[in-house]
Amino acid sequence: MKTFWHTLTRPWRNLPETLRRRLTWAVSLTAILVYPLLDKALRLQTLNSVTDAMVFVVLALGLNIVVGYAGLLDLGYAAFFAIGAYAAGILTSPLHDLEWNFWLAIWICAAVASLFGIILGAPTLRLRGDYLAIVTLGFGEIVPIAIRNLDDISIPFLGVHNFNLTNGVKGLNPVGRPQLPGFAFSFDPLPWFYLILLISAFAIFASRRLENSRVGRSWMAMREDETAANCMGVDPIRTKLLAFALGASFSGLAGAFYAAKLQAIFPELFKFQVSIMILCMVILGGMGNIRGVVFGGLLITFFDRVILAQSTQMVRALGNMLNLSSLATIDLSLWRWFFFGLTLIVVMVLRPEGLFPSKARQAELHGVEIEEPVNSQQ
Amino acid sequence: MTGTEVLIQQTLNGLTIGSYLALIALGYTMVYGIIELINFAHGDVFMWGFLISLSLLQVMGKTGTLTGWELIWVLLLVIPATMLVTGLMNLAIDRIAYKPLRRASRLAPLITAVGMSFVLENLAANWKGPSQIRFPEIFPTINIMRDVFHQDTLLLFTTKDIFLIGFTVPLMIALVLFIQRTKMGRAMRAVAQDREAAAAMGVDIERVIMTTFFIGGALAGAAGAVVGIYLNSGRYLMGFDAGLKAFTSAVLGGIGNVAGAVLGGYLIGFLSAFSDQYLSSEWTRATVFAILILVLVFKPQGLLGEKPPEKY
Numbered sequence: 264m265k266t267f268w269h270t271l272t273r274p275w276r277n278l279p280e281t282l283r284r285r286l287t288w289a290v291s292l293t294a295i296l297v298y299p300l301l302d303k304a305l306r307l308q309t310l311n312s313v314t315d316a317m318v319f320v321v322l323a324l325g326l327n328i329v330v331g332y333a334g335l336l337d338l339g340y341a342a343f344f345a346i347g348a349y350a351a352g353i354l355t356s357p358l359h360d361l362e363w364n365f366w367l368a369i370w371i372c373a374a375v376a377s378l379f380g381i382i383l384g385a386p387t388l389r390l391r392g393d394y395l396a397i398v399t400l401g402f403g404e405i406v407p408i409a410i411r412n413l414d415d416i417s418i419p420f421l422g423v424h425n426f427n428l429t430n431g432v433k434g435l436n437p438v439g440r441p442q443l444p445g446f447a448f449s450f451d452p453l454p455w456f457y458l459i460l461l462i463s464a465f466a467i468f469a470s471r472r473l474e475n476s477r478v479g480r481s482w483m484a485m486r487e488d489e490t491a492a493n494c495m496g497v498d499p500i501r502t503k504l505l506a507f508a509l510g511a512s513f514s515g516l517a518g519a520f521y522a523a524k525l526q527a528i529f530p531e532l533f534k535f536q537v538s539i540m541i542l543c544m545v546i547l548g549g550m551g552n553i554r555g556v557v558f559g560g561l562l563i564t565f566f567d568r569v570i571l572a573q574s575t576q577m578v579r580a581l582g583n584m585l586n587l588s589s590l591a592t593i594d595l596s597l598w599r600w601f602f603f604g605l606t607l608i609v610v611m612v613l614r615p616e617g618l619f620p621s622k623a624r625q626a627e628l629h630g631v632e633i634e635e636p637v638n639s640q641q
Numbered sequence: 526m527t528g529t530e531v532l533i534q535q536t537l538n539g540l541t542i543g544s545y546l547a548l549i550a551l552g553y554t555m556v557y558g559i560i561e562l563i564n565f566a567h568g569d570v571f572m573w574g575f576l577i578s579l580s581l582l583q584v585m586g587k588t589g590t591l592t593g594w595e596l597i598w599v600l601l602l603v604i605p606a607t608m609l610v611t612g613l614m615n616l617a618i619d620r621i622a623y624k625p626l627r628r629a630s631r632l633a634p635l636i637t638a639v640g641m642s643f644v645l646e647n648l649a650a651n652w653k654g655p656s657q658i659r660f661p662e663i664f665p666t667i668n669i670m671r672d673v674f675h676q677d678t679l680l681l682f683t684t685k686d687i688f689l690i691g692f693t694v695p696l697m698i699a700l701v702l703f704i705q706r707t708k709m710g711r712a713m714r715a716v717a718q719d720r721e722a723a724a725a726m727g728v729d730i731e732r733v734i735m736t737t738f739f740i741g742g743a744l745a746g747a748a749g750a751v752v753g754i755y756l757n758s759g760r761y762l763m764g765f766d767a768g769l770k771a772f773t774s775a776v777l778g779g780i781g782n783v784a785g786a787v788l789g790g791y792l793i794g795f796l797s798a799f800s801d802q803y804l805s806s807e808w809t810r811a812t813v814f815a816i817l818i819l820v821l822v823f824k825p826q827g828l829l830g831e832k833p834p835e836k837y
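First to last, the sequence lines map onto chains C and E. All residue numbers for the first sequence refer to my numbering, where the first residue is 264 and numbers rise by one. All residue numbers for the second sequence refer to my numbering, where the first residue is 526 and numbers rise by one.
To be clear, the hints were calculated from the coordinates, so they are not data collected in a lab. Since the structure is predicted, the reported quantities are computational estimates derived from the model, not experimental observations. Note that CB positions come from ideal geometry on N, CA and C, so glycine has one too. Wrong hints could be hidden among the right ones.
[Unchecked claim] In silico contact screen, one side only, chain E against chain C (beta carbon under 8 Å); selected entries:
no., residue
1, Ile533
2, Trp594
3, Leu596
4, Trp598
5, Ala629
6, Val822
[To be verified] A short list of chain E residues far from chain C (calculated; beta carbon distances all over 10 Å):
no., residue
7, Ala617
8, Pro625
9, Arg631
10, Ser642
11, Pro665
12, Phe674
13, Arg714
14, Ala715
15, Ala723
16, Asp801
17, Gln802
18, Arg810
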């Protein structure tokens, strides 16, 4: 079997490395660009889910900076997502009579999210490991609560009375849409797909460049051993705050996009489960690894939105096939989180290093001897 | 109620909330001390303690208020039975989700813990539904202030309060005695301090871990049963809410520190009660976390935590 495959792929493997790489690139790029048109033509109706999945990929890439590169365990990343989305909502919805242009607002959201990254990261500077985790978890809880309750702010000595910032549980609706002549950003997912593709490409590019920069290296040094890194001239405060700020900026972009696409945002969208899902994408994909994180993001969203959502249909079909009425009438929609949790357990137990781990970590966990020095890049 | 009465009432509420939070927090802190893992599923074990004690009572047919000897033997049967089951449950959770990952990175068991939490919550939601679940009123509610001391006051101090505090505090004391005075307790402290050295001294690490999980689970189950008897109501998400508060308590007190967990539990209990009364219950969770963050900024190891030795 192996030799058969070997001979079949010989012409491919005989090509020079650079040509192979370029061809792969070209084919993948074309596939991604053509996919939505195919989806339309074949009526697959997967475009919407894929677009949503890519929002989470951008979020996962942002968290990857914080958790994967800098090693700061962040359990409340959804807070930044919420801040990005609500910043977009506040700037572009009719509630405050601002209704700014989306293309301007999205950058402001990224900046606002970064600012909050610094604000929320500042108290964590002296905390190690799990204390950091619980504080970020706390922020992940505080932000939605704050959003829910900031619909009636009264600060007497500033002359502020009953100021409605976030519209509380009712949420912000409608959120401003991007305007681009020739493209209708409405219910058709096509232009949204290309937009998020652009954002993701930017996120991936930014992550790659950050990974191979001085900042990236100082993050990884700090992740491996903060004291040693400090001795080598890495300023832990600046490095940590940068990690939080840059990581949060991605979520600002993703949040703005999500708000605009969804048209209505409310605090319930940014619960703890969302933070954990994004964290799972990063860890499952293999932390610090861009390809892994993207794949992990797509996989988990796909699993959650497609497989679990369709599980009822699938099991019912199976039941009909096997003539088992108990299966044919089952309703699995209530078991969605059960299966998600079960899958998390199974996958992590079987492959704790994630899908695309670094060689060193894989060896560590599966007890194989390696001679090469520990290298965080693939 | 007058201002003073409100204050006393909330202090009392703080005491009761703090008591069961401390019990749950103890489980978190012990497990963390031993294997440096945040057992996310621990809060849900508390919730299952509630459900199991509820089921036991239903099976026994005891759904009305009980008195006298009947009350005593029912409690003596149901609560320890619940503790046994939840202890075993916590043990099973360790076996399935954490043990295979002992050698993995710190984050892998965190994910399985979260997964386990989802599984437990969802099982409960599918079994008992997503809305409030009623727990039978088996404990007689006698308003002490009104009926015993004959005071004309709205202050609510009942036999249930006495039961809750009177049950949980001895449990905590028993745990402390266990850890301080017994051989297994010494082994637990040794493993928490330095695992390799303890192993070198002949301590069976796995057995210690199993015992820790069992005891933690039993305490959480006791808390669940007690909360059921006290509040007569619960929900499949009660574990998540209480777990979050309890975990915060453990961290506040210094995670890994048993006294810290108890202290943290009561502090958070008082904080919740006063926040509910003087601020607004919607902001309570945010307030609890805000206080935690403030404390950690000034004392990063928690109130009673030990400063990690400088590596310089």
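- Would you pick out the hints that fail for this structure and give their numbers low to high? 1, 2, 3, 4, 8, 9, 10, 18
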